[in-house]
Each structure stands twice: as structure tokens, then as C-alpha cells.
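Using the sequences provided together with the hints, build the complete structure.
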Amino acid sequence: MTNDATIVDEAITSRRSVRAFLPDMVDDETIRAILAVAARAPSGTNMQPWRVYVTKGEVKQRITDAILNSG
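Numbering (our numbering), first residue to last: 1 to 71.
Treat each hint with caution, since some may be false.
[What the hints assert, rightly or not] Cβ pair distances, simulated, as ranges:
(1) D9 with A38: 18 to 24 Å
(2) Q48 with L22: 27 to 33 Å
(3) Q48 with L68: 28 to 34 Å
(4) N69 with L35: 26 to 32 Å
(5) S14 with A66: 32 to 38 Å
None of these hints come from the bench; they were simulated from the model. In this text, a Cβ means the ideal position worked out from N, Cα and C, and glycines have one as well.
What follows is the structure, encoded as C-alpha cells:
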């Protein structure tokens, strides 16, 4: 297997769903880097039908509370 194929194979086989998260803040630079990579991911007919909203602090807490209290 070539090096590129090995990298892809490892990415696919090590994939997992995370259902618990640490309370640590993610710095803005890391968020921007993740979003830059995500923007290069393929989408159906290149429509790129996604939007990202980054929230922190009180706004994030209000959204969290609304979700938890919604039933």
C-alpha cells in the first residue's frame, strides 16, 4: 500500500463517533484550521449546503439551555 493509501486507510478505520466531550475551550486558531479543512470536503454536486456558527460564553450557554429545556 502506498503512503497516501495507508493514511486514508488509517483515517477510515480509526473513525469513531464521540458522544462525550471535555469542557475545555477550543482556541480560535484551531477552529479556523478545522473549518478550512472541512471547506475542502466534497459535497453533492459541489453545492456545499452547510453553514457554521461558532458560539462561546453566554450565547452558547443560552443555546444549550434552550435545547435541554425543549423537551
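For each hint, the structure was consulted:
| no. | hint | in the structure |
| --- | --- | --- |
| 1 | D9 with A38: 18 to 24 Å | holds (21 Å) |
| 2 | Q48 with L22: 27 to 33 Å | holds (30 Å) |
| 3 | Q48 with L68: 28 to 34 Å | holds (31 Å) |
| 4 | N69 with L35: 26 to 32 Å | holds (29 Å) |
| 5 | S14 with A66: 32 to 38 Å | holds (34 Å) |
No hint from the list above goes unmet by this structure.
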